[in-house]
Amino acid sequence: MEFIGAEESKEVLDVLESGYLFRYGDAANPAFKAKVWTLEKEFAAYIGVKHALAVTSGTTALLTAFSGLGIGPGDEVIVPGYSFVASLSSIIYARAVPVLAEIDESLNLDPDDLEKRITPQTKAILAVHMLGNPAKMDEIRKIADKHGIPIVEDVAQSCGSAYHGKKAGGFGKLGIYSFNIYKTMTCGDGGMVVTDDDDLYARCFAFHDQGHLPNRKGVEVGARSLIGLDFRMNELTGAVALAQLRKLDSILAHLRKLKKVYKERIATLPGIQFREITDEAGECATLLTLLFKTPEAAKAVADRIGSVPLINSGWHVYGNMEQILAQKTVDAKKCPFTCPHNARSIRYEKGMLPKTEAILSRAVNLSVGLRDKGIGAACGLNPRDTVEIAAGKADEMVKMLKEVLG
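Residue numbers (our numbering): 196 to 601.
In short, the hints are calculated from the structure, not lab data. One should not assume that every hint holds.
[Stated by the list, open to error] Straight-line C-alpha distance at most 25 angstroms; calculated SDA-like pairs for lysine to any residue: (1) K245 to I519; (2) K318 to L520; (3) K205 to L216; (4) K368 to R427; (5) K245 to L408; (6) K368 to R419; (7) K568 to A492; (8) K545 to W510; (9) K488 to D474; (10) K458 to D567; (11) K236 to A357.
Only a predicted model underlies this, so the values are computations on that prediction, with no experimental measurement involved.
Based on the sequences and whatever the hints tell you, model everything.
The structure is reproduced here in structure tokens:
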């Protein structure tokens with residue numbers, strides 16, 4: 196949100212002054228500005244895919260993606276135990292079963308553990324690109340292809356990132372994005388689904404808009420392709436997102452410069468380790484994650500800066516998701532998400548992912564482009580800082596780390 200300015204105002208005023216706020220309209224009507232349609236076209240080109248579908252949030256993007264794939268009762272979807280709760284809740288409300296998997300020191304899905312979680316009921320793998328850092332898509336895709344399982348990429352926290360020269364979200368059958376206030380581009384709330392598959396795009400479009408075929412104009416009444424819902428983005432939201440998309444690369448370039456200075460200075464301190472970055476040039480650089488040798492060291496540093504180790508970062512850690520552990524769905528008494536349609540019963544409890552908990556207990560986030568106490572990033576840089584300010588704050592951080600760690 197720190198980068199909202201004249202560009203967003205111009206796009207929004209263009210819509211408001213036209214008096215036409217609905218995402219569909221007649222191209223011959225000068226009041227119809229087609230902001231959402233333009234956003235979808237430009238976003239698809241940016242990611243390098245054929246289709247992009249704008250929706251109301253990252254959560255609805257996930258539900259739309261799973262529904263497009265036909266995920267349903269009895270199906271299993273593998274998801275890392277470190278992700279925002281929406282990654283799990285969207286699987287649950289697709290009436291499928293989340294199968295939790297370990298992360299590695301990239302803080303993303305551990306490819307070695309992934310294969311161990313696959314069963315005959317596995318119908319999708321949710322590869323989450325956490326905290327601006329792409330997952331190991333080469334290894335994950337190799338495993339998925341071996342078993343014939345589609346990948347959905349959750350790029351909610353990493354919009355604009357790239358892995359080996361290719362934008363995150365373009366590796367799987369579907370990719371999803373979030374545009375809420377904590378993301379690299381924002382319109383308050385909003386999301387996107389992308390795919391290269393024509394049939395999947397048509398199914399996702401229908402699900403997000405009452406069963407309609409893609410790109411209808413005005414009000415259409417007729418045969419529907421399937422029973423859908425309403426997750427349509429409106430023109431005002433699309434206008435803000437469009438302006439943000441057009442400045443996304445410049446935002447990320449700025450954050451990468453800040454992080455480079457910040458990280459290089461902190462790295463001069465002996466014994467300091469960082470999380471594994473899968474693509475130094477392609478990550479979003481929204482955060483700098485320190486990995487300490489012990490949980491005690493991580494807690495001492497977090498206490499000093501008024502933050503928490505990542506193990507305590509709320510609904511990003513499976514063990515803190517009390518509503519998931521207790522299976523508090525709206526119809527839990529009728530059909531909890533360890534559903535009788537599935538041949539096996541899956542329990543959810545703290546301690547079931549020991550590697551994930553061990554890594555997160557030693558991890559502390561420092562802000563670069565994102566100040567969010569909810570993800571354990573309460574201290575560090577501000578997005579509008581200069582390189583000079585970043586260098587000064589890095590020196591202060593090094594001094595503090597020396598005092599705490601000895």
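A quick look at each hint next to the structure:
A threshold of 25 angstroms between alpha carbons decides the hint, and for K245 with I519 the separation of about 35 angstroms lies outside it, so the pair is violated. Using a Cα cut-off of 25 angstroms, the hinted pair K318 and L520 holds, with the two alpha carbons roughly 22 angstroms apart. Straight-line distance between C-alpha atoms of K205 and L216 comes to about 15 angstroms, which keeps the hinted pair within the 25 angstroms bound. At roughly 21 angstroms between alpha-carbon atoms, K368 and R427 fall within 25 angstroms of each other, so this suggested pair holds.
For the hint pairing K245 with L408, the CA-to-CA distance comes to about 16 angstroms; that is within 25 angstroms, so the pair holds. For the given pair, K368 sits about 24 angstroms from R419 by alpha-carbon distance, which is consistent with the 25 angstroms threshold. About 19 angstroms separates the Cα atoms of K568 and A492, which keeps this hinted pair within 25 angstroms; it holds. A C-alpha spacing of about 13 angstroms is found between K545 and W510, which places the hinted pair at or below 25 angstroms, so the restraint holds.
This hinted pair checks out: K488 and D474 have alpha carbons roughly 23 angstroms apart, not beyond 25 angstroms. Only pairs whose Cα atoms come within 25 angstroms are accepted, and K458 paired with D567 is accepted, the gap being roughly 19 angstroms. A threshold of 25 angstroms between alpha carbons decides the hint, and for K236 with A357 the separation of about 19 angstroms falls inside it, so the pair holds.
Hint 1 from the earlier list is the only one contradicted by this structure; the remaining hints agree with it.
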